[in-house]
Amino acid sequence: CQCLPGYTLNSDNRGCTDVNECITGSNNCSNVATCTNQIGSYSCACNSGYVSDSINCYDVDECQNMSNNCSQICNNTVGSYTCSCIQGYELGSDKLTCTECEDVDECSLNPSPCNQLCTNNDGSCTCSCMNGYRFGSDGWTCDDINECLENNTCSQNANRTNAHGSYCVSA
Numbered sequence: 029c030q031c032l033p034g035y036t037l038n039s040d041n042r043g044c045t046d047v048n049e050c051i052t053g054s055n056n057c058s059n060v061a062t063c064t065n066q067i068g069s070y071s072c073a074c075n076s077g078y079v080s081d082s083i084n085c086y087d088v089d090e091c092q093n094m095s096n097n098c099s100q101i102c103n104n105t106v107g108s109y110t111c112s113c114i115q116g117y118e119l120g121s122d123k124l125t126c127t128e129c130e131d132v133d134e135c136s137l138n139p140s141p142c143n144q145l146c147t148n149n150d151g152s153c154t155c156s157c158m159n160g161y162r163f164g165s166d167g168w169t170c171d172d173i174n175e176c177l178e179n180n181t182c183s184q185n186a187n188r189t190n191a192h193g194s195y196c197v198s199a
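First residue of the sequence shown: 29, per our numbering; consecutive thereafter.
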């Protein structure tokens, strides 16, 4: 007896049994395809994210062919894709949609990051000092400017006293 391709001769030499080419490894399916045994044969089906040309499986570029579900930026990967967001947005838990980030008003925090004046910006804040003050060596705290020493606007014979945030006072 002789068996057709896809079958093997039984030990009694009287019948043929189907060969499971998927288990024996005697198939030519791609490593990114699923082998399915059929009576006397087998078939190959490309895994998700791949397409077949009848012989090989090739990566599908879901970003290029617009088959992705990203709400903003699509990044093609081998066999799949990932989504990302533009600056100011963050990827949602579904890993597809982007939501606008909520800006934290740093100026309303307690304690405020600024010593005197605070202006909230998207993603940060800007500190400044009131008139008569300037930033200290730490770059955050505001120190009084002693105008009596720097500007010397008081008369020479006057008793000069610095006033916080203001010019010197003649007494």
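Keep in mind that the hints were calculated from the coordinates and are not lab data.
Take these hints with a grain of salt, some might be off.
What follows is a set of in silico ranges between Cβ atoms, one per label pair, in the way DEER data are often shown [said to hold, decoys possible]:
| id | residue 1 | residue 2 | range |
| --- | --- | --- | --- |
| 1 | 42 | 92 | 17 to 23 Å |
| 2 | 94 | 127 | 52 to 58 Å |
| 3 | 128 | 67 | 52 to 58 Å |
| 4 | 97 | 41 | 56 to 62 Å |
Straight-line Cα separation of at most 25 Å, SDA-like style, residue types lysine to any residue; simulated pairs [to be verified]:
| id | residue 1 | residue 2 |
| --- | --- | --- |
| 5 | 123 | 164 |
| 6 | 123 | 91 |
| 7 | 123 | 57 |
| 8 | 123 | 111 |
| 9 | 123 | 137 |
| 10 | 123 | 88 |
| 11 | 123 | 157 |
| 12 | 123 | 146 |
| 13 | 123 | 161 |
| 14 | 123 | 154 |
| 15 | 123 | 141 |
| 16 | 123 | 178 |
Note that the Cβ used here is the ideal one computed from N, Cα and C, for glycine as well.
Against the structure, the hints:
About 56 Å separates the C-beta atoms of residue 42 and residue 92, a value inconsistent with the hinted range of 17 to 23 Å. The given range of 52 to 58 Å is broken by residue 94 and residue 127, whose C-beta atoms sit roughly 22 Å from each other. One distance hint, 52 to 58 Å for the beta-carbon pair residue 128 and residue 67, holds here, with the actual separation near 57 Å. Take residue 97 and residue 41: their Cβ atoms lie about 57 Å apart, and the range 56 to 62 Å holds.
At most 25 Å may separate the alpha-carbon atoms for a hinted pair to count; residue 123 and residue 164 exceed this at roughly 45 Å. Between residue 123 and residue 91 the CA atoms are separated by roughly 15 Å; this keeps the pair inside 25 Å, and the hint holds. For a cut-off of 25 Å, the pair hint linking residue 123 to residue 57 is broken: about 32 Å separates their Cα positions. A C-alpha spacing of about 7 Å is found between residue 123 and residue 111, which places the hinted pair at or below 25 Å, so the restraint holds.
Taking the CA atoms of residue 123 and residue 137, the gap is about 31 Å. The hint is violated against a cut of 25 Å. The suggested pairing of residue 123 with residue 88 holds, with an alpha-carbon distance near 19 Å, which does not exceed 25 Å. For a cut-off of 25 Å, the pair hint linking residue 123 to residue 157 is broken: about 43 Å separates their Cα positions. Our distance criterion of 25 Å between C-alpha atoms is broken by residue 123 and residue 146, whose separation comes to about 36 Å.
Distance restraint check for residue 123 and residue 161: the Cα-Cα separation of roughly 49 Å exceeds the 25 Å cut-off, and the hinted pair is therefore not satisfied. At roughly 33 Å between alpha-carbon atoms, residue 123 and residue 154 are farther apart than 25 Å, so this suggested pair is violated. For the given pair, residue 123 sits about 34 Å from residue 141 by alpha-carbon distance, which is inconsistent with the 25 Å threshold. For a cut-off of 25 Å, the pair hint linking residue 123 to residue 178 is broken: about 59 Å separates their Cα positions.
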